[in-house]
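Participant: For reference, the chains in residue letters:
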Amino acid sequence: MNYEKYTSLVAEKDLNSFRFTSEGPMGSIKKVILFQSLDYGRVASLVLLDQLADGTIGSDEVTSNNGDRQKIIGTVMEAVGLYTERYPKKWVYFRGSTSSRLRLFRIILNRDFEALSRRYQIYSIIDGAVCPFTSEVGADAYLARRKS
Amino acid sequence: MTIATTTTRFRPTKITFVRNDELIEKARRSAPARAKLDEARITLSRLKQPLSY
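In the order they appear, the protein sequences are chains A and B.
Take the first sequence: its letters are residues 8 to 155, numbered as in the numbering used here.
Take the second sequence: its letters are residues 1090 to 1142, numbered as in the numbering used here.
Just so you know, the hints here were simulated from the structure itself, not pulled from any lab data.
Any given hint could be a false lead.
Claimed, not checked - Calculated from the model, a selection of chain A residues having no Cβ within reach of chain B, i.e. all distances over 10 Å:
#  : residue
1  : Ser15
2  : Ser24
3  : Met33
4  : Thr63
5  : Ser66
6  : Asn72
7  : Gly74
8  : Arg76
9  : Glu85
10 : Ile115
11 : Phe120
12 : Ile129
13 : Gly145
14 : Leu150
15 : Arg153
What the hints assert, rightly or not - Taking lysine-lysine and the BS3-like style, the derived pairs with C-alpha atoms no more than 30 Å apart in a straight line are:
#  : chain 1 : residue 1 : chain 2 : residue 2
16 : B       : Lys1115   : A       : Lys78
17 : A       : Lys37     : B       : Lys1115
18 : A       : Lys154    : B       : Lys1137
19 : B       : Lys1115   : B       : Lys1103
20 : B       : Lys1103   : A       : Lys37
21 : B       : Lys1103   : A       : Lys20
22 : A       : Lys154    : A       : Lys78
23 : B       : Lys1137   : A       : Lys20
To be verified - Only some residues are given here: those of chain A computed to face chain B with a beta carbon under 7 Å:
#  : residue
24 : Thr14
25 : Val17
26 : Lys20
27 : Arg26
28 : Val39
29 : Leu41
30 : Leu45
31 : Ser52
32 : Leu56
33 : Leu59
34 : Tyr100
35 : Gly135
36 : Pro139
37 : Val144
38 : Ala148
Just so it is clear, the structure is predicted and the values come from calculations on it, not from any experiment.
Each residue gets a CB set at the ideal place from its N, CA and C atoms; glycine is no exception.
Next comes chain A alone, as it looks inside the complex:
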């Protein structure tokens, strides 16, 4: 689990939000990572959003094609690490905005499960059931929390 990452982040003090700039052939793209609280603050929904060229915030289905996907994944993982270090009891909820991204998450979780599971409890949500992560079945979403 050795992802390159963007090493310069801007964050709010409570670590509920981060921003960084993706650099690549499509230019500089500002990205925002949000941890949005729900369920009485016990769960944080993770979302990664792009600022579009016109200054508006794009849907999380936007594909920026900036050639730095691994670096973005590494940066989001870093933000999750920082967030869960600050809030170790919170569950982080995440799901791919498209079926291909959901599949990508499953591949990453499967590939790096050994390293990730040393640090996090990871669960899949499948048809309303919360079960330990499995790569066998596609999940609707995932939950992760720091191991105590």
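Given the structure of chain A, go ahead and fit chain B onto it with the hints provided.
Facilitator: For chain B alone, kept in the frame of chain A given last:
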């Protein structure tokens, strides 16, 4: 504005702490962020057993 550095196994990450950042606020208020939160809320509300905390 405070600058802090966290150390990780691979490379240090420099974090610049800000308050009321315009882009972050814009993202937080955006329709995609609200939609994502609603979707998470719906998924969690449909869980067959409650999450353990």
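Participant: Any hints from earlier that this structure breaks? Give me their numbers in increasing order, please.
Facilitator: The structure breaks hints 1, 2, 4, 5, 9, 14, 23, 33, 36 and 37; every other hint is satisfied.
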